[in-house]
Amino acid sequence: MPKNRNIQLARNLRNNSTIQERRLWYQFLSSFPLRFHRQKVIGNYIVDFYCHKAKLIIELDGGGHFKDRRIGEDNDRTEYLRSLGLEVIRFTNNEVDLHFGDVCTEIVHVVQSKIGKDIYWFSFNNRVLKKILTHPLNPPPIAALEGVKTQLIEF
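Numbering-wise (numbering that gives the first Met the number 0), the sequence shown opens with residue 0 and increments by one.
Worth flagging that the hints you see were computed from the coordinates, not collected in a lab. Don't take every hint at face value.
Derived CB-CB ranges, DEER-like [to be verified]:
1. R89 x Q26: 17 to 25 angstroms
2. S30 x S82: 26 to 34 angstroms
3. K116 x G71: 14 to 22 angstroms
4. G100 x T17: 15 to 23 angstroms
5. G42 x L97: 14 to 22 angstroms
6. G61 x D101: 27 to 35 angstroms
7. H51 x Q26: 28 to 36 angstroms
8. D117 x G84: 19 to 27 angstroms
9. G115 x Q7: 30 to 38 angstroms
10. S30 x S112: 26 to 34 angstroms
11. K54 x S30: 15 to 23 angstroms
12. D117 x S29: 15 to 23 angstroms
Just so it is clear, the structure is predicted and the values come from calculations on it, not from any experiment. Ideal Cβ placement from N, Cα and C applies to all residues, glycine included.
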């Protein structure tokens, strides 16, 4: 498929994402300390979520992914993406619906293992202050947070 056509298709997929894709994006990945892209074109494929710094792809699979033909296509696609040095993790829509916290925790663990750092982020006046710390005992200076309602989000 030509690249321009893939870009238009990716835009269309972003505008018509599934409930599970919207949930994962708006409730978790959009404020993740490392930038994720939605419906990213990589080669001839469009992946659900991609983080360049972690070289990580997250795919959400609905019922159609479990048919014999589609399983083979997904395996070929995963093999191609891995040949580019990218890691692919998959979750079913049911996992996102029923075990959202576990899905988010798994993503954090995989990203941490890929970048070799622990990930923390803080709420800062109802906006997200993105911060990657190399060690949990290395918090931001207290003076910088004085008088600000701050919450550590841990997984």
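Violating hint indices (sorted, rising): Of the numbered hints given earlier, those the structure breaks are 3, 5, 6, 7, 10, listed in rising order.
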